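Q: Chains as they are written, first to last, in our numbering: chain A, 936 to 1047; chain B, 15 to 136.
Do not take every clue at face value.
Capping the alpha-carbon separation at 25 Å, the derived lysine-lysine pairs in PhoX-like fashion look like this [what the hints assert, rightly or not]:
no., chain 1, residue 1, chain 2, residue 2
1, A, Lys1043, A, Lys979
2, A, Lys1047, A, Lys1014
3, B, Lys128, A, Lys959
4, A, Lys970, A, Lys1014
5, B, Lys77, A, Lys959
6, B, Lys27, A, Lys979
7, A, Lys979, A, Lys959
8, B, Lys26, B, Lys128
9, A, Lys1043, B, Lys128
10, A, Lys1047, A, Lys979
Listed below are several chain B residues computed to face chain A (Cβ distance under 10 Å; list not exhaustive) [as the list claims (entries may be wrong)]:
no., residue
11, Glu24
12, Tyr41
13, Val51
14, Gln53
15, Gly58
16, Trp61
17, Met62
18, Thr72
19, Tyr74
20, Arg101
21, Ala111
22, Trp116
23, Ile120
24, Leu123
25, Gly129
Just so you know, the hints here were simulated from the structure itself, not pulled from any lab data.
These numbers come from a predicted model, not from an experiment.
Every residue gets a Cβ at the ideal spot worked out from N, C-alpha and C, and that includes glycine.
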Amino acid sequence: DIVMTQTPLSLSVTPGQPASISCKSSQSLLHSDGKTYLYWYLQKPGQSPQLLIYEVSSRFSGVPDRFSGSGSGTDFTLKISRVEAEDVGVYYCMQGIHLPPAFGQGTKVEIK
Amino acid sequence: QVQLVQSGAEVKKPGASVKVSCKASGYTFTSYDINWVRQATGQGLEWMGWMNPNSGNTGYAQKFQGRVTMTRNTSISTAYMELSSLRSEDTAVYYCARAPAWEWPIIRLDVWGKGTTVTVSS
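Same shape as in the complex, but just chain A (with noise of 0.2 Å):
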């Protein structure tokens, strides 16, 4: 099975302030499609997990412009360029590709 391991594990930003969340998988999530499946999501306090960015560097409906992934094969990178409150929450990279979908530990971003 894959492997998904997210650095760091928790994060304090200071509100209009940068963070960046790293996620390495165990093996190459590109497909032979051309499109690698790599997945954001938030999972806010009391809530369920909400899908953020898909494909790498996709946004989903309705997500902010101040969130933006990037990467390719196995390292990834989810960038926050200016952290608003609401932002609060712990954040998962997901893969996609091979069975069973494996997801990273999560990194709980919290605000100073």
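Knowing the structure of chain A, use the given hints to seat chain B on it.
A: Showing chain B alone in chain A's frame:
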């Protein structure tokens, strides 16, 4: 709007079974697979398996093989996840989430239910 509405919290004794429902609305039920993901308190997300509502085909994570059954009733756009031989370690929030069926075996969980808390305690 697109919604997945899950059944209410359950308390079960060790050895018992639990059946959680997930009612879909706002989209064509048979066009999206239903996946189940669980989360123990303070822990991460664990994928349990998927079901295609059109065919009824299923696939389960090895860890749950033999204990989990995913079914559906297309007439009421509802998916079910039954977990048997419950133990304390199964205490968790269970989420259903949909994934575009036409993308299978790629799994993209784009809409999630609010979760069902299952507590296993003697």
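Q: Against the structure shown, which of the earlier numbered hints fail to hold, in ascending order?
A: 3, 6, 11, 12, 18, 20 and 22
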